[in-house]
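K.L.:
The lines below spell out each chain.
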Amino acid sequence: MKLVTGHRLFWPAVVLIALLLANLAFTPDFFAIRLRDGHLYGSLIDILHFGSPLILVALGMTLVIATGGIDLSVGSTVAIAAALACLHISESDDPGSVGTVLTAVAIALGVALLLGAANGVLVARIGVQPIIATLILMVAGRGVAQLITDGQIITVTSEPFKLIGGGYWLTVPFSILLAAAVVLFASMLTRRTALGLLLESVGGNPVASRLVGIRAAGLIGLVYVVSALCAALAGLMISSNVSAADGNNAGLWIELDAILAVVVGGTSLNGGRFSLGGTVLGALVIQTLSTTVYTIGIPPETTLVFKAVVVIAVCLVQSPVFRAKAARRKSGARHGNRPVASKKLEVGA
Amino acid sequence: MRAQPVLEVRGIRKEFPGVVALDGVDFRLFPGEVHALMGENGAGKSTLIKVLTGVYESDGGEVSLAGQTVRIGGPLEAQQAGISTVYQEVNLCPNLSVAENIFIGREPRRFGLIHWAELRRRAAASVAALDLDIDVTAPLNSHSIAVQQLVAIVRAVDVQAKVLILDEPTSSLDRDEVRQLFTVLRRLRDQGVAILFVSHFLDQIYEICDRLTILRGGRQEGEYLTSELNQTQLVAQMIGGELTGLAELADATRTEPTGTSFLRAEGLGRRGAVEPYDLAIRPGEVVGLAGLLGSGRTEAARLLFGADQSDQGTVKIDGAVTALRSPRSAIGHGIAFCSENRKTEGLVGELTVRENIVLALQAARGWTRPLSRAAQDELAIRWIRALDIRPNNPEALIRNLSGGNQQKVLLARWLITDPKLLILDEPTRGIDIGAKTQIQKLVAKLAGDGMSVLFISAELEEVLRLSHRVGVLRDHRLVAELRNDGTLTPERIMSTIASGATS
Chain H
1 MKLVTGHRLF WPAVVLIALL LANLAFTPDF FAIRLRDGHL YGSLIDILHF
51 GSPLILVALG MTLVIATGGI DLSVGSTVAI AAALACLHIS ESDDPGSVGT
101 VLTAVAIALG VALLLGAANG VLVARIGVQP IIATLILMVA GRGVAQLITD
151 GQIITVTSEP FKLIGGGYWL TVPFSILLAA AVVLFASMLT RRTALGLLLE
201 SVGGNPVASR LVGIRAAGLI GLVYVVSALC AALAGLMISS NVSAADGNNA
251 GLWIELDAIL AVVVGGTSLN GGRFSLGGTV LGALVIQTLS TTVYTIGIPP
301 ETTLVFKAVV VIAVCLVQSP VFRAKAARRK SGARHGNRPV ASKKLEVGA
Chain A
350 MRAQPVLEVR GIRKEFPGVV ALDGVDFRLF PGEVHALMGE NGAGKSTLIK
400 VLTGVYESDG GEVSLAGQTV RIGGPLEAQQ AGISTVYQEV NLCPNLSVAE
450 NIFIGREPRR FGLIHWAELR RRAAASVAAL DLDIDVTAPL NSHSIAVQQL
500 VAIVRAVDVQ AKVLILDEPT SSLDRDEVRQ LFTVLRRLRD QGVAILFVSH
550 FLDQIYEICD RLTILRGGRQ EGEYLTSELN QTQLVAQMIG GELTGLAELA
600 DATRTEPTGT SFLRAEGLGR RGAVEPYDLA IRPGEVVGLA GLLGSGRTEA
650 ARLLFGADQS DQGTVKIDGA VTALRSPRSA IGHGIAFCSE NRKTEGLVGE
700 LTVRENIVLA LQAARGWTRP LSRAAQDELA IRWIRALDIR PNNPEALIRN
750 LSGGNQQKVL LARWLITDPK LLILDEPTRG IDIGAKTQIQ KLVAKLAGDG
800 MSVLFISAEL EEVLRLSHRV GVLRDHRLVA ELRNDGTLTP ERIMSTIASG
850 ATS
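Protein chains in written order, with our numbering: chain H, 1 to 349; chain A, 350 to 852.
Honestly, the hints are just simulated from the structure, not real lab data. All figures in this text were calculated on a predicted structure; none of them were measured in a lab. A portion of the hints provided could be inaccurate.
As the list claims (entries may be wrong) - Have a look at the derived ranges for each label pair, beta carbon to beta carbon:
id: 1; chain 1: H; residue 1: Leu-114; chain 2: A; residue 2: Gly-566; range: 57 to 67 Å
id: 2; chain 1: H; residue 1: Gln-152; chain 2: A; residue 2: Arg-718; range: 47 to 57 Å
id: 3; chain 1: A; residue 1: Glu-577; chain 2: H; residue 2: Ile-126; range: 51 to 61 Å
id: 4; chain 1: A; residue 1: Gly-608; chain 2: H; residue 2: Val-4; range: 52 to 62 Å
For every residue, glycine included, the Cβ atom is placed at its ideal position computed from N, Cα and C.
Construct the entire structure; sequences and hints are all you get.
P.N.:
Encoded structure:
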């Protein structure tokens with residue numbers, strides 16, 4: 001029993017299942033999945049489909065947070081990637097060709113790589129605090145995206161581009177497959193190499209890491225690049241799904257949802273131990289919450305409050321300190337006067 | 350002369366989870382004296398000061414001020430009761446003017462607004478009262494650290510302080526600045542202020558202090574007039590008088606390894622950390638570093654590991670001048686370093702024993718060449734067995750292990766990298782006697798197999814038992830290098846620490 005409840009993924013999974021069951025109570029056919037025209041449909045598929053961009057952004061964010069950093073610029077990177085890809089396709093003579101779309105994707109990812117590298121240099125080489133370093137791009141990036149789109153919403157009609165975020169492949173939405181592939185790749189990258197261990201060491205104890213000879217600067221630079229690439233992919237998905245690039249609104253506030261997903265997934269904002277699986281569950285919890293708001297008919301103006309309450313509950317239930325306190329209160333004041341060590345809540349802010 | 354102490358503490362007790370920091374400490378402070386609080390790091394000096402200033406609440410005992418028992422509920426109450434403190438790091442606002450710093454929080458007001466002219470006038474008067482010449486309108490950070498320290502004292506005294514506590518006020522000052530500070534202290538003393546002075550510098554204690562109280566391991570070891578106790582006796586009291594039972598050290602007579610040095614430091618130094626020193630270590634040799642805590646032992650070792658940058662002198666490895674720019678480059682040359690701060694500089698607490706063991710080796714390989722899980726398990730299990738690490742579960746989180754076992758994990762971390770020079774900074778501090786003996790045996794065995802070891806410890810017996818030679822540090826200077834030829838005794842090391850002379 002302890003083995004199950006003690007597992008890192010236990011609480012995120014419990015919350016996700018609870019949310020899904022709550023939906024089932026309101027919508028009896030919530031779990032139903034139908035095959036129509038060779039495409040899978042259903043609420044669960046929708047959650048995965050619409051949650052895919054968030055999963056991608058949150059994955060990159062997890063690695064950044066593991067090093068003790070944070071990346072606020074992902075939303076702007078989403079917008080820039082979307083704008084660049086759509087601009088290239090809309091200006092091309094043959095928007096429907098696979099070649100055009102591949103070029104557009106390459107441009108978006110290439111620019112994201114540069115943006116990530118810029119963040120990495122600011123944080124790892126120059127020593128700017130991550131929250132400030134990435135805030136620069138967060139603010140400036142929106143403007144850059146607006147410049148690229150000339151303040152307009154660029155719409156594109158391109159079948160191959162539509163596939164990325166809105167198309168189906170083997171009956172499944174392509175974005176789900178893409179997200180799954182990136183999750184698989186990221187977990188191989190971190191756990192089949194020593195990258196995960198070294199990142200956790202750098203985030204867990206930077207001083208000790210320097211003294212064992214870990215080259216932290218390179219690793220930290222790398223995670224910001226990975227984070228930007230993930231954000232660019234998410235940007236492609238989002239713009240592809242609506243066949244348009246909106247410099248103003250694409251990926252707006254997604255950095256906050258991503259940070260929430262990471263925290264809900266059980267990775268501490270203090271850095272150190274991280275869990276990609278937890279982050280995927282966390283992102284799904286956030287996405288399910290959005291879906292729940294619609295299915296149980298919560299008035300739109302209270303949506304954010306509802307989200308906040310659930311997130312607070314999830315964080316508290318995951319905090320060992322809080323659980324210990326709750327348990328002590330229940331078992332009476334027998335150990336009441338023992339001072340509680342001033343340990344930070346594990347889930348952080 | 351001594352009618353009544355201005356501050357008296359009886360039987361103070363302070364516990365932290367798992368540690369008794371102060372155990373029935375008595376302490377008296379008379380008006381018009383400079384009183385030194387002596388003891389090594391961890392002896393309880395800071396804790397006592399924090400109890401006196403209300404930062405900590407004591408768990409027992411009582412504090413009385415001018416004969417009346419008081420309860421000091423916080424730093425503000427302490428200040429109102431006339432106890433002012435100046436901490437090691439200047440605790441002022443560098444961007445504000447000197448005058449603003451002196452009166453911050455209690456500015457003279459007129460019509461509810463700050464009366465600037467009055468503030469400056471009173472600040473200038475306070476400064477002049479101590480015979481200082483400081484421009485009170487200039488920003489604090491336009492003055493030297495020494496002047497900033499003096500401003501902190503002016504501020505502390507200006508609140509009608511009866512007791513002035515100075516925690517390591519001289520650690521960042523040079524000789525002239527110290528003299529200036531002492532002039533101010535003597536003036537205050539003559540005005541009847543009781544001054545509690547904490548410093549690692551023995552000479553300064555003897556220069557300025559009238560009496561001293563010695564703490565060791567959270568207990569009061571005695572209160573003396575400075576003139577009654579010479580430096581050797583003082584050091585003996587601080588380190589601990591148990592110098593008996595050293596007969597078993599007969600095995601300390603050992604043959605000194607010959608051959609060329611693996612590492613040789615020539616004039617290596619770093620301003621503000623350690624004065625230039627020469628040191629050579631041969632393969633198979635154990636060189637001990639002795640000295641009080643804070644004497645520069647750790648700083649000297651960190652230069653050899655590239656953990657800090659030296660600003661003068663050179664390091665030769667196998668005869669070739671080598672720049673140790675970072676720990677990584679030192680590791681590349683076969684140097685390993687176990688820090689004295691296990692928690693902050695050694696362990697990655699949320700990783701497992703296995704992960705902590707392989708960390709240095711994996712860092713050297715880089716992230717793209719991972720050790721396979723099988724290889725990691727094999728290494729972890731082998732070293733857990735070899736060093737008797739408990740629990741013997743490689744997947745236990747290291748923060749849940751006892752200090753001794755954590756230390757063994759750190760040793761294992763470096764030993765699997767097969768270093769040529771192992772620097773151990775206080776490897777046995779705070780660990781139980783069993784683990785301590787095991788670590789000492791291991792060091793002797795490693796040296797026997799040809800590894801060079803630099804062994805730093807506050808326990809002179811331990812240094813003597815293991816070392817071929819002992820370097821003695823005092824006030825950030827390597828003052829002597831003593832051969833452990835069988836005639837070297839802890840007393841001789843102690844007197845060298847105390848006198849600073851090669852005896």
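K.L.:
Confirm or reject each hint.
P.N.:
Verification of the hints:
1. H/Leu-114 to A/Gly-566: 57 to 67 Å: 58 Å, holds
2. H/Gln-152 to A/Arg-718: 47 to 57 Å: 49 Å, holds
3. A/Glu-577 to H/Ile-126: 51 to 61 Å: Given range 51 to 61 Å: holds, Cβ gap about 57 Å.
4. A/Gly-608 to H/Val-4: 52 to 62 Å: Given about 60 Å between the Cβ atoms, the range holds.
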